[in-house]
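Visitor: Sequences listed follow chains Y and C, in order. Mapping of the first sequence onto our numbering: position 584 corresponds to residue 584, and the numbering continues sequentially without gaps. Mapping of the second sequence onto our numbering: position 388 corresponds to residue 388, and the numbering continues sequentially without gaps.
There could be a bad hint or two in this list.
Unchecked claim - Calculated cross-link-like contacts (lysine-lysine; reagent style DSS-like; alpha-carbon spacing at most 25 Å):
hint	chain 1	residue 1	chain 2	residue 2
1	Y	Lys42	C	Lys343
2	C	Lys343	Y	Lys4
3	C	Lys293	Y	Lys197
4	Y	Lys330	Y	Lys142
5	C	Lys343	Y	Lys20
To be verified - Reference listing, derived: stretches of chain C covered by chain Y, where coverage requires no fewer than 3 residues with Cβ under 8 Å from a Cβ of chain Y:
hint	stretch
6	77 to 88
7	326 to 335
What the hints contain is simulated information worked out from the structure, not anything from laboratory work. Where a beta carbon is used, it is the ideal one built from N, C-alpha and C, also for glycine.
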Amino acid sequence: MRDKLLQLLIISVGLLVIVKLFSLQVLNNSFSLINNNASVQKIYEFPERGYIYDRNKKLVVSNDFSYDLLVVPKDVNQADSIIISKDFNIDLKIFRKRFLEAKRFSNVKASILLSNISKHEYAPIQEKLWKHSGFFIQKKSKRTYNASTAANLLGYISEVNKFEIEKNSYYEIGEMIGRQGLEKTYENKLRGIKGVKFFQKDKFNRIIGSFKNGSFDTLPNASKDLTITIDLDLQQYGDSLMLNKRGSIVAIEPKSGEILALVNSPSYDLNSLVDKNRSLNYKKLESDSVGKPLFERGLQGQYSPGSTFKIINALIGLQENIINNKTLHKCEGGHFYAKNAFMRCHTKEATFSDLNNAIYTSCNTYFAKTYKGIIENYESSSVGLDKWNDYVKSFGFGNYLGYDHPNGKPGFIPTSKYYNRWYNNSWRAVTTISNSIGQGEILTTPVQLANFAATIANRGWYITPHFVKEIENDSINDDFKRKNTTLVEPQHFEPIIKGMVDVIDIGTATNSKINDIKIAGKTGTAENFVRIGGIRKQLTDHSIFIGFAPADDPKIAICVFIENGYWGSRWAAPISSLMIEKYIKKEINRKWLEKYILDGDLSSEYLKPYLTTNFTINE
Amino acid sequence: MSSIKAKNFDLISLMLVISLIFIGLINIYSVSYSDANSIENFFSKQLIFVIFSFSICLILILLDINFYFKYASIIYIILLLSLILVLIFGKEINGAKSWFNFIGFSLQPSEIMKPVTALAIAKYLSNIHSDIKNLKIQFYSFIIILAPISLILLQPDPGTALIFLSFYLVLHIVGLPSLYLNIFVSISILFISTIVIGMNMMLIIIGCVFSIMFLYMIYKKIKKNKLIYLSFFSVISVLISTLIFESIFEQRHRDRINVVLGIEKDLSGIGYNTNQSKLAFNSGGFFGQGFLKGTQTKGDFIPEQHSDYIFATIGEEWGFFGSLVVISLFIILLLRMSERTAKQTNLFYKIFSYSAIAIIFFHFTINISMVIGIFPTVGIPLPFISYGGSSLLSFMILFAGYLKIDSQKKSKW
């Protein structure tokens, strides 16, 4: 009996081992083993990052190559140093010094001997490379920006950080990722997909051949070029106009929602963020808390829209039948909305305004009364305000617009809930009367205002503004083709547009007239405040203009926002008109106006909050 | 009587062993192929070992079997002395003092101790007065086995010491009461369970199980003496297991056990060998990478690839197919040897043969299990295949002993 025990044991051990081996060798041929395998080295092949072109196919962002000459000291025949230094065109002393440094770092690992060799210098070196063992060339690619503009819009690339590596298993240490702007939004398209080759290493870390005959290797997937909606000429012209001013220009093609220009001032040169001084330069930009060049005002700046917002109240008034274009309101030089509360108005006292007149003179009283009418048209202020809120939001205000750029702010359009909490449920239309003239709680971003201008230009609809025009071998987001319709019917836009044309012809912005282009627009002047040492101080008003042209067949809608520029007609309107002229006529006839803007310098205005002495505003 | 009768000679087993040695040589060549120096070192040295071992075995086979019977005790004592001497004069390799250094070659007395212990135990138990059911005889048998174990543990070489437990299997086959086996198996189970689920949990489980059984027995009015002993035994086993594991084992031993039991996963540290070896098998696939083409093998990632981990090379270069051939050769050899030994009537012959089989079987089982990652890392060679002079000599002596005895079985002696 016990004689059989041994045989039984032998057979069972044999079977057990065979089963385990079968599972290990035949069943479990898994890829996961590669990752824990000390003997497998992955070598990646990166596709060249995609180029970025403007709407006219002008190259905006491309790549430049430079080469590094690397050396593995142990493989070098040192007796040849003189010939080597001659062949590679390195001074013999420098060569010897660097070679020694490399050797000190590691005899078997590669060190950089010469870095940033240009294409031009590379050719003769490459010809002689075969003569000397222990040297090899490594190609490096870096982003080049052919136009120093639209820095925040384009964004930049830099090495992935630990957080990004954890979040996305695609990336590994040392790889580049689009970190801001369109480089970030279209990272996957611009990047392509890297290919990988697996190599077998020996225990000395030497590659001894391909791993499993390359059965796990993958080919790189080419990157895609991006064509953006920006008109580079217009964008750069905008840059020049914005010199020494702070603010933004957002120009949109109304019928397509394509953003033609997004100018941010102050800006910076992206080329300063590519080479080895990158982090230093970035810190400088980041720490500039006065100019805030990294703050994309056009997308992130939330301001009171000022008088430009009167237009929307007029539109809602028409839709809600509170006013029609015959409605007259008496202006008493202002509007008493509560006891001892008086909204001043710059129109003459005791005149009657109709809608057209109210728009081009920007009469506060008229719009205050209209707004009051809208809110009081319903059973309660709450219902009225929420109805008003729905209208305003249908124009793209009060929320993220949904464009293809990572930066943005929603702005703010108050709801009844907001006032209920603030005023403890006891408020009336007049309590919120500032909403009528775009002051108070309302916050909008310049891109929302530009989109608003485009919506008026389209007579009631807009396509979500966007920056992508075309992706090579790919399609763009369907959201950028769909019309968003407002709650105001198209017929109500015509009287408004007539008023806006008159703003330029006979109204608040006559200085911005172009003889053969009919511009429709609205100026705005927004009060703004700053906290200095805990004390709220008023600064010079922001200068705002929204508009589009030609009024009958709009090609461009625009919003210009000049921080602390005072009247809308002082800076924003002329800048808008120059942008419109540049875009439509490609050249500027009104050289005097251009000179006035180019020479305009608001630097002293921006210094005011930092002065220790008292300052005056709105001069 | 001393002559080998050609008719009874187990030629097939000899052919199997020669095949295994040949496979060993091929793979040792492959492992050392990438490095010119180690070819000279490992492959040609192993070739010398093979020739040397065969010559020694030929001499041993030609000697009269009575010689061994007569001098078994003396040879055993001489070898025990050599185990003591190696602790004093031995050369330390890999942290163990197990080697005598002669001109150029080293010898591991603990390896030679294996056939010698087999001889000693065979002689002791084949004595007409030695009844294995007798407690005193059991005690002395254990002493014969435990003496070399203790000396080897002092070197320290726990792997080789572990192999001496194979004699226990022999004792069991020739009639040692099952109680010992039961105790041994229970302790093993308790030991492993304690490591896996921890001492406190084990004590709780034991407490629960025995309480339930106890209550059941009270209810059924069954005698409870045995149960009380059993519960005591279990609790003490658990406590001692914990004590051994935590205090006597060194961290590296604990780590190795933990890796196999899946408690720890550290693929670059403790589990490195096992992981690399598993990768080699995986890389081999069904038909293998081919002779001299194993990537893990060429990369030289597996430590002790020429000796203890040689089976990984076989697995990678010859695939599942190759591993299957080697395992089949072993299984056929061991089954054939044990079947022929079972027919043996002479107790001295039988015990020695079984010892030879058990030792080879233990080596085979532990080594292969270790290489494929189902047993903790224990440095012991794969019989006939792994590089190493002393171990090859030891296996060849055991096998030669079997061959000689096997050819004798028809004689009346």
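Visitor: Hints first: check each against the structure and report whether it holds.
Guide: Hint check:
Annotation: proposed proximity of lysine 42 of chain Y to lysine 343 of chain C is violated, straight-line Cα distance about 59 Å (limit 25 Å). The hinted pair formed by lysine 343 of chain C and lysine 4 of chain Y meets the criterion: a straight-line CA distance of about 11 Å does not exceed 25 Å. A threshold of 25 Å between alpha carbons decides the hint, and for lysine 293 of chain C with lysine 197 of chain Y the separation of about 19 Å falls inside it, so the pair holds. A distance of roughly 64 Å separates the Cα atoms of lysine 330 of chain Y and lysine 142 of chain Y; the hinted pair therefore is violated under the 25 Å criterion.
For a cut-off of 25 Å, the pair hint linking lysine 343 of chain C to lysine 20 of chain Y is broken: about 33 Å separates their Cα positions. Under the rule that three or more residues need a Cβ within less than 8 Å of chain Y, the assignment of the stretch 77 to 88 of chain C is violated, with 0 such residues. Using a Cβ-Cβ cut-off of 8 Å, 6 residues of the stretch 326 to 335 of chain C lie near chain Y, which meets the minimum of three, so the contact claim holds.
Hint violations for this structure: numbers 1, 4, 5 and 6, all remaining hints satisfied.
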